[in-house]
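Asker: Sequence:
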Amino acid sequence: MGVTAVERETVTLGAGVQAANSPTLSTVTSDTHAVPFITKRVSTLGTVADDVATYCVHCDVDPGPVAQVSTDAATAVRELVIELGVVQFDGTITVQKGQDLTFSGTSLQIAIPSPVTRANSFLVFTWRCDNDTTHHVPLNVRGQIDPDGLNMTFTRDSVTSAPIAVEWAVVTNDGSEFTVEHIDAVIADTATSGTAAPAVSAEELDRAFLLGSFRGHGGAGQENDNEDATVDARLSTNLLTVERKGTFGAINYHGQVVKWASGTNF
Numbered sequence: 001m002g003v004t005a006v007e008r009e010t011v012t013l014g015a016g017v018q019a020a021n022s023p024t025l026s027t028v029t030s031d032t033h034a035v036p037f038i039t040k041r042v043s044t045l046g047t048v049a050d051d052v053a054t055y056c057v058h059c060d061v062d063p064g065p066v067a068q069v070s071t072d073a074a075t076a077v078r079e080l081v082i083e084l085g086v087v088q089f090d091g092t093i094t095v096q097k098g099q100d101l102t103f104s105g106t107s108l109q110i111a112i113p114s115p116v117t118r119a120n121s122f123l124v125f126t127w128r129c130d131n132d133t134t135h136h137v138p139l140n141v142r143g144q145i146d147p148d149g150l151n152m153t154f155t156r157d158s159v160t161s162a163p164i165a166v167e168w169a170v171v172t173n174d175g176s177e178f179t180v181e182h183i184d185a186v187i188a189d190t191a192t193s194g195t196a197a198p199a200v201s202a203e204e205l206d207r208a209f210l211l212g213s214f215r216g217h218g219g220a221g222q223e224n225d226n227e228d229a230t231v232d233a234r235l236s237t238n239l240l241t242v243e244r245k246g247t248f249g250a251i252n253y254h255g256q257v258v259k260w261a262s263g264t265n266f
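Sequential numbering of the sequence shown, starting at 1, is according to the numbering used here.
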């Protein structure tokens with residue numbers, strides 16, 4: 001019950017390469033029930049203003065199944081290495097997916113095809129953006145399932161920036177496999193940390209994981225403030241701590257604490 005397969009792959013996007021596929025997945029057999037989780041790193045050096053779009057990676061699981069990663073950085077001068085973890089869920093867990101919904105403003109609301117109960121659902125998303133060497137705004141996109149479970153809302157900072165395309169998956173169940181606590185934390189302007197108080201006991205912590213996203217300032221003139229574009233979030237008993245190195249502008253973080261039921265296959 002729950003998770004039926006996990007497969008890990010590494011995909012490299014060379015300088016100037018916009019898209020690449022993973023090898024055909026073998027352990028994961030269904031693209032419709034699979035969700036990708038990614039981490040990424042730049043493997044070649046350059047200046048910060050080379051290509052903000054290099055850092056924004058869009059990932060989905062296509063028929064095959066294969067995982068495809070892409071950016072909008074056709075002129076990127078840096079090589080990017082993406083580590084994939086593709087998780088396949090069984091039929092007791094529903095996965096709804098969508099892709100390439102582009103927005104140029106500060107907010108995008110997307111209707112969930114089949115409305116969900118927020119307390120039993122979590123959102124996974126990736127995004128890519130057109131090249132923007134002036135702002136770091138494309139690096140920071142905050143996404144959440146709205147409280148009514150009818151829509152998702154994606155937001156970014158108010159500074160004008162390049163269009164963003166979102167790839168999303170909403171994962172839900174009837175509450176027997178997992179529950180989800182949705183919680184917000186703020187790092188105030190000039191501060192380096194913020195906290196929130198999710199209801200996570202020491203016993204629940206052993207079978208919980210945290211998904212998070214944030215939006216924050218990355219305005220013109222802040223091209224070198226990478227410390228304001230990265231955030232570390234840690235979950236402990238009844239405490240969520242969000243930290244950064246920089247102190248420029250406020251950071252608005254949305255966390256999803258996924259708590260698997262005792263005895264489930266996690």
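Keep in mind the hints are simulated off the structure, nothing from the lab.
It should be emphasised that the depicted structure is a prediction, and the values quoted were computed from it without experimental measurement.
Cβ atoms here follow ideal geometry from the backbone N, Cα and C, with glycine treated the same way.
It is possible that part of the hints are untrue.
[What the hints assert, rightly or not] Listed below are the simulated SDA-like cross-link pairs for lysine to any residue, each with C-alpha atoms no more than 25 Å apart in a straight line:
(1) Lys259 - Ala202
(2) Lys259 - Thr247
(3) Lys97 - Glu79
(4) Lys259 - Lys245
(5) Lys245 - Ala169
(6) Lys97 - Val258
(7) Lys40 - Thr92
(8) Lys97 - Ser201
(9) Lys259 - Asp189
(10) Lys245 - Asp189
(11) Lys259 - Ser201
[Unchecked claim] Here are the simulated distance ranges between beta carbons:
(12) Leu205 - Gly85: 18 to 24 Å
(13) Val186 - Asn21: 16 to 22 Å
(14) Glu83 - Asp189: 29 to 35 Å
Asker: With reference to the structure, classify each hint as holding or not holding.
Answerer: Hints, one by one, checked against the model:
A distance of roughly 12 Å separates the Cα atoms of Lys259 and Ala202; the hinted pair therefore holds under the 25 Å criterion. For the given pair, Lys259 sits about 32 Å from Thr247 by alpha-carbon distance, which is inconsistent with the 25 Å threshold. Straight-line distance between C-alpha atoms of Lys97 and Glu79 comes to about 28 Å, which puts the hinted pair past the 25 Å bound. Proposed proximity of Lys259 and Lys245 is contradicted: the alpha carbons are some 29 Å apart, above 25 Å.
Pair hint Lys245 plus Ala169 does not hold up; C-alpha atoms about 30 Å apart against a cutoff of 25 Å. At most 25 Å may separate the alpha-carbon atoms for a hinted pair to count; Lys97 and Val258 meet this at roughly 19 Å. Taking the CA atoms of Lys40 and Thr92, the gap is near 31 Å; set against the 25 Å cutoff, the hint is violated. The straight-line distance between the Cα atoms of Lys97 and Ser201 is roughly 31 Å, outside the 25 Å bound, and the hint therefore fails.
This hinted pair does not check out: Lys259 and Asp189 have alpha carbons roughly 31 Å apart, beyond 25 Å. Distance hint between Lys245 and Asp189 is fulfilled; the C-alpha atoms sit about 12 Å from each other, no more than 25 Å. Restraint check: the Cα-Cα separation between Lys259 and Ser201 comes to about 10 Å, which is no more than 25 Å; the hinted pair holds. Checked against the hint of 18 to 24 Å, the C-beta distance between Leu205 and Gly85 comes to roughly 21 Å, which is consistent with it.
Between Val186 and Asn21 the C-beta distance comes to about 39 Å, which lies outside the given range of 16 to 22 Å. For Glu83 and Asp189, the Cβ-Cβ distance of about 33 Å falls inside the hinted range of 29 to 35 Å, so the restraint holds.
Hint compliance for this structure: hints 2, 3, 4, 5, 7, 8, 9 and 13 are broken, all remaining hints hold.
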